[in-house]
Amino acid sequence: MVLRFKQMTKLIQVFAKAPVKGQVKTRIAKAAGGDFALHIHHKLCAAVIGTALASDADEVEVWTTNVAAQQYFEEFGTRCLQQQGTHLGTRMDFALRHGLARYDQVIIVGADALSITPDYLAEAFRALDQSSVVVGPALDGGYIMIGATEPVSFVFGNMPWGTADVMGLTLERLLTNGVNFHVMGDRWDIDTLQDIEQHVPQWLKTES
Numbered sequence: 034m035v036l037r038f039k040q041m042t043k044l045i046q047v048f049a050k051a052p053v054k055g056q057v058k059t060r061i062a063k064a065a066g067g068d069f070a071l072h073i074h075h076k077l078c079a080a081v082i083g084t085a086l087a088s089d090a091d092e093v094e095v096w097t098t099n100v101a102a103q104q105y106f107e108e109f110g111t112r113c114l115q116q117q118g119t120h121l122g123t124r125m126d127f128a129l130r131h132g133l134a135r136y137d138q139v140i141i142v143g144a145d146a147l148s149i150t151p152d153y154l155a156e157a158f159r160a161l162d163q164s165s166v167v168v169g170p171a172l173d174g175g176y177i178m179i180g181a182t183e184p185v186s187f188v189f190g191n192m193p194w195g196t197a198d199v200m201g202l203t204l205e206r207l208l209t210n211g212v213n214f215h216v217m218g219d220r221w222d223i224d225t226l227q228d229i230e231q232h233v234p235q236w237l238k239t240e241s
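Remember, my numbering sits 33 above the position in the sequence shown when you count from 1.
If you are wondering where the hints come from, they were derived from the structure by calculation, not from laboratory data.
Treat each hint with caution, since some may be false.
Pairwise CB distance ranges (calculated) [what the hints assert, rightly or not]:
1. Arg135 x Phe109: 29 to 39 angstroms
2. Lys238 x Thr209: 42 to 52 angstroms
3. Asp219 x Asp89: 20 to 30 angstroms
4. Gln117 x Glu230: 32 to 42 angstroms
Calculated cross-link-like contacts (lysine-lysine; reagent style DSS-like; alpha-carbon spacing at most 30 angstroms) [as the list claims (entries may be wrong)]:
5. Lys238 x Lys76
6. Lys50 x Lys238
7. Lys50 x Lys63
8. Lys76 x Lys50
9. Lys54 x Lys238
10. Lys63 x Lys238
11. Lys63 x Lys76
12. Lys76 x Lys54
Please read all numbers here as calculations on a predicted model, not as lab measurements.
Glycine residues also receive a C-beta, built at the ideal position from the N, C-alpha and C atoms.
All chains, please: the whole structure from these sequences, using the hints.
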């Protein structure tokens, strides 16, 4: 008898705001203006979606904040869906459950997670072969990626998004609920002008 193992199906969901001046990378906009912030947002979306498409995922989706941006994101070769919910936690929970209804493993990444690589994403999917949840912590105390093989709505509710407490609270909730999880190595993302100066100083030239 030949044993055949089922191949796990894998989905990446990139969370990206619609590219609208004044509504993206607001901390960068305060320091360098709305036009520059929008320019950076475009570059981040292109880079992160490109990384996701270069990974071993079966499909990549972009979940955005405005259906008017659908054509922009679909030009990258991805499916585009509109986020649903009143706050980030609700929207992530909805997207994750939507994905898990169609795929075995779903990973959500932020469009500002410039430090991820196809190998990083492959490692995250491998972690989901053994664990129900995988989390990729960010250096600022949040996380740039979360993935799961089952819904984990309790992780997303009443979370102080944008603070240094997010990662710690996430792990605490996973432990409290007895969920088997894996933590990836720390990565950085792009939220401020200082992040650009430190990690991608060449981006300070708007023509780049």
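request  = Any hints from earlier that this structure breaks? Give me their numbers in increasing order, please.
outcome  = Number 1 only.
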